[in-house]
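Residue numbers (the numbering used here), protein chains in the order written: chain F, 288 to 739; chain Y, 288 to 739.
Everything labelled a hint here was simulated from the structure, so no lab data went into it.
Be careful, since some hints might not be right.
Same chains, same label: a pair holds when it works inside one copy or across any pair of copies.
[Stated by the list, open to error] For lysine-lysine, the following DSS-like pairs were computed, each having C-alpha atoms within a straight-line distance of at most 25 Å:
(1) Lys705 / Lys331
(2) Lys466 / Lys395
(3) Lys294 / Lys502
(4) Lys476 / Lys369
(5) Lys307 / Lys294
(6) Lys516 / Lys314
(7) Lys466 / Lys369
(8) Lys409 / Lys347
(9) Lys314 / Lys550
(10) Lys502 / Lys705
(11) Lys404 / Lys294
(12) Lys409 / Lys705
(13) Lys347 / Lys516
(14) Lys347 / Lys404
(15) Lys409 / Lys646
(16) Lys476 / Lys446
(17) Lys646 / Lys369
(18) Lys294 / Lys516
(19) Lys314 / Lys466
There are 2 protein chains.
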Amino acid sequence: MLELDNKYLEELHTLIEEGKGSVLSKKLSSLHPTDIAKILNQLKRDDVHYTYRLLSDENKSDVLVDLNDEVREDLLGTLTSKEIAEDVIEGLESDDAADVVQDLSEEKLEEVLSLVKDEEAKSDVMDLLTYEEGTAGALMAKELVSVEENLTVTRAIRKIREQADNIDQLYTVYVVDSKARLTGRLSLKNLLLNAPSTRTPISELKNSDDLVSIKDTDSEDMVVSIMEKYDIVALPVVDAEGILVGRITIDDAVDVIIEEAEKDYQLASGISEDVESNDSVIALTRARLPWLLIGLGGGIGGAYVIGAFDIVSNPMLALFIPLIAAMGGNVGVQSSAIVVQGLASSSLNTSNILGQLSKELSVGLLNGIICSTIIFLTTYVLGFGASLSITVGISLLCVIVFAALFGTFVPLALEKRKIDPALATGPFITTANDIIGLIIYFSISSLVSSFF
Amino acid sequence: MLELDNKYLEELHTLIEEGKGSVLSKKLSSLHPTDIAKILNQLKRDDVHYTYRLLSDENKSDVLVDLNDEVREDLLGTLTSKEIAEDVIEGLESDDAADVVQDLSEEKLEEVLSLVKDEEAKSDVMDLLTYEEGTAGALMAKELVSVEENLTVTRAIRKIREQADNIDQLYTVYVVDSKARLTGRLSLKNLLLNAPSTRTPISELKNSDDLVSIKDTDSEDMVVSIMEKYDIVALPVVDAEGILVGRITIDDAVDVIIEEAEKDYQLASGISEDVESNDSVIALTRARLPWLLIGLGGGIGGAYVIGAFDIVSNPMLALFIPLIAAMGGNVGVQSSAIVVQGLASSSLNTSNILGQLSKELSVGLLNGIICSTIIFLTTYVLGFGASLSITVGISLLCVIVFAALFGTFVPLALEKRKIDPALATGPFITTANDIIGLIIYFSISSLVSSFF
Chain F
288 MLELDNKYLE ELHTLIEEGK GSVLSKKLSS LHPTDIAKIL NQLKRDDVHY
338 TYRLLSDENK SDVLVDLNDE VREDLLGTLT SKEIAEDVIE GLESDDAADV
388 VQDLSEEKLE EVLSLVKDEE AKSDVMDLLT YEEGTAGALM AKELVSVEEN
438 LTVTRAIRKI REQADNIDQL YTVYVVDSKA RLTGRLSLKN LLLNAPSTRT
488 PISELKNSDD LVSIKDTDSE DMVVSIMEKY DIVALPVVDA EGILVGRITI
538 DDAVDVIIEE AEKDYQLASG ISEDVESNDS VIALTRARLP WLLIGLGGGI
588 GGAYVIGAFD IVSNPMLALF IPLIAAMGGN VGVQSSAIVV QGLASSSLNT
638 SNILGQLSKE LSVGLLNGII CSTIIFLTTY VLGFGASLSI TVGISLLCVI
688 VFAALFGTFV PLALEKRKID PALATGPFIT TANDIIGLII YFSISSLVSS
738 FF
Chain Y
288 MLELDNKYLE ELHTLIEEGK GSVLSKKLSS LHPTDIAKIL NQLKRDDVHY
338 TYRLLSDENK SDVLVDLNDE VREDLLGTLT SKEIAEDVIE GLESDDAADV
388 VQDLSEEKLE EVLSLVKDEE AKSDVMDLLT YEEGTAGALM AKELVSVEEN
438 LTVTRAIRKI REQADNIDQL YTVYVVDSKA RLTGRLSLKN LLLNAPSTRT
488 PISELKNSDD LVSIKDTDSE DMVVSIMEKY DIVALPVVDA EGILVGRITI
538 DDAVDVIIEE AEKDYQLASG ISEDVESNDS VIALTRARLP WLLIGLGGGI
588 GGAYVIGAFD IVSNPMLALF IPLIAAMGGN VGVQSSAIVV QGLASSSLNT
638 SNILGQLSKE LSVGLLNGII CSTIIFLTTY VLGFGASLSI TVGISLLCVI
688 VFAALFGTFV PLALEKRKID PALATGPFIT TANDIIGLII YFSISSLVSS
738 FF
């Protein structure tokens, strides 16, 4: 398999521009589908359509899965229903196929399904589309290998052979009872050690001690935490009656983990939709504007706070507005980030909010005393005067302690109300702390000046 | 396997306090090691030591792997060398064992190794400890199943049986030549389909077309990107001569992915060390102070900028200092976050910095024009006067565009110099944009006031 480098990439671009189909087709066939998708993601619309048609049937299917949502939707619009039936529903594993076709209009989807010749592939995809997004059912694939527990080893092996052809990678053989209910697992290792000539029933070979499964209606998050905890590569999915309906492989769980981490990161950075650097200017602007508008509102609020105090008669106070605002924001973001990560990794829960707050109080006080002392000494030595130095020093201590408590409390409170705690991070905490920090600063300034 | 809930947890805590060893030991044995580790992470030192000794031998080993670094180090200090030899080196897979013992002092480690009876386990761990952290070699485990390609199927199966006992989960059988060099893979599925009575040599059954492997000196990041790209659950590792030296399983790659995501998130949130919410107050303070000191420096810089302009004769300018500073910070963080994520997912590279900047210019202009128009109209309607409204409007546009470009350029420039681009996110970008934003604001104010 060829590795993709910049030189090779340029060569391909030239071939696409010159429309040299046959050379291009040969070059592309030596690349991995993931790499081909990466190239297509960066091409202009027409070039995407042109290049896609040069791919081998197998690559066509695999490339579709790896394309960006925008590019894929556009490309699907140019394919006939028959092409979608063949490239997607018959060419992919059921979970990938369902992911690709779920954005089609109901009409188009019906037409596509009517053209699928492989009845099993068709019913598998139709079944998967009935599950709500975010559930184990929507994540699972229907392809799996299972044997009834009353079969003998010899007959079970024949059964396994029949089913194994449809499967990319055979992780585990599941054992079911006569009503198709999951009762255990059969490791190939075990089957291999017990030579296939035996007449022992599978029920005696199966392992049901450490059988872990998940319900089709359980959440993605639960899938991830179970697979992580038990280090398993394929998780069987059962319905309400315990009937084996599918299996989730570790690569799908990894996708969920990466998606979750990206979402938290984007929320912390003030990006509200799932965008990527190669999305369109409009999509990028739309994802970023909401948080900027919140910041704008905060800024106007800040202007009112400053206006409410007598800045005109004491303009020197203006000098440390950026310091107070920035420090409140920084501390708040740090505190909320630690809570969000703690909740995500389950090392923290909402049963002990007071304990967490009292710990954060210590951290805030410690950081606050260090920073306040530094800023008091610095401003005093630099000649900003005793009154201003004392005001800035005391304010900074109060702002840091308050921001630490506030940044800890908000995500914990959200979690308790079953709202995504990551919403508390980023611009929200920063904006709130900006305004409250200013109020603290000007209040303390009034207090201090009444003493001098 | 029992699920852990709060009630059960309380019950355990009471038993620990009351020192009811035998009941406790029985209760703990029904829990998963990961859950036991979670409980220990939250206990006081002495309780950790007490509870650990109540665990079964197997659980002792597995729990050690899942403990927080701090708790584990402390616990290891209370174990004898013989206990470490048995619980860790003989009780764990080689990669986990090497992870646990790598923090021991050289002296202690030597003593522990001298007490290990299992020669293979000992040499495996010693071998793994020679690899630099962050490399594929440091991530891999030595336990694997391999057969020589000139063996017949019957003899290969015997060989596989011998080796398979040491392995938790048998993913793949590797095929090597007479010099132990990796030449292919043998799927159990394939072996099963070709009944074990045949005399065919393994070389005819092996699959070497899509064989993917990695060098022991390659980086963790490369391991992750290869395993993600090819959706493989076990990656063979070879040395410079192509000799098979180990294998990396997907659960280890998942750990690396989670660690990387956490690190980027912490950097974006201004936390400089790897801390968790249940670390000590001192550890938490130490991790957060460096970025606060940078913010402090930035705040003092900001004071100088404001002082350099004539704030006393135009104190109304102070009202919008928080707005300008906050918006510059927010936009900068958004831009750098998108770049950092793009680089992490390889959807972005440094070959086209100018293209990325020109796209960001469009996004910045679009967001800037919308925000500036809103703020100009709002301040004008609210009666802040034409001069101030125009100053704030124009400044905001300039600040947003500049911050967008700056936030995009810095992480790209760092990546080009092989420095972690995530360093650019969070407090660094915010602080820099604060100061530059103030300079822009006051410069434009001087310009505007010269016209009025």
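Now for the hints, and whether the structure bears them out:
1. Lys705 / Lys331: So Lys705 and Lys331 fail the 25 Å test inside a copy (42 Å) and across (30 Å) alike.
2. Lys466 / Lys395: neither (36 Å within a copy, 57 Å between copies)
3. Lys294 / Lys502: Between copies only: 24 Å across, 49 Å inside.
4. Lys476 / Lys369: neither (42 Å within a copy, 33 Å between copies)
5. Lys307 / Lys294: For Lys307 and Lys294, only the intra-copy Cα distance (18 Å) is at most 25 Å; the inter-copy one is 69 Å.
6. Lys516 / Lys314: between (42 Å within a copy, 19 Å between copies)
7. Lys466 / Lys369: neither (36 Å within a copy, 51 Å between copies)
8. Lys409 / Lys347: Result: close within a single copy only, 19 Å intra versus 49 Å inter.
9. Lys314 / Lys550: neither (36 Å within a copy, 38 Å between copies)
10. Lys502 / Lys705: within (21 Å within a copy, 45 Å between copies)
11. Lys404 / Lys294: So Lys404 and Lys294 fail the 25 Å test inside a copy (42 Å) and across (54 Å) alike.
12. Lys409 / Lys705: Intra 37 Å, inter 48 Å, cutoff 25 Å: neither.
13. Lys347 / Lys516: between (36 Å within a copy, 16 Å between copies)
14. Lys347 / Lys404: within (18 Å within a copy, 55 Å between copies)
15. Lys409 / Lys646: Intra 56 Å, inter 42 Å, cutoff 25 Å: neither.
16. Lys476 / Lys446: So Lys476 and Lys446 pass the 25 Å test inside a copy (17 Å) and across (12 Å) alike.
17. Lys646 / Lys369: So Lys646 and Lys369 fail the 25 Å test inside a copy (62 Å) and across (37 Å) alike.
18. Lys294 / Lys516: between (43 Å within a copy, 21 Å between copies)
19. Lys314 / Lys466: The answer is neither: 51 Å in one copy and 34 Å across copies each exceed 25 Å.
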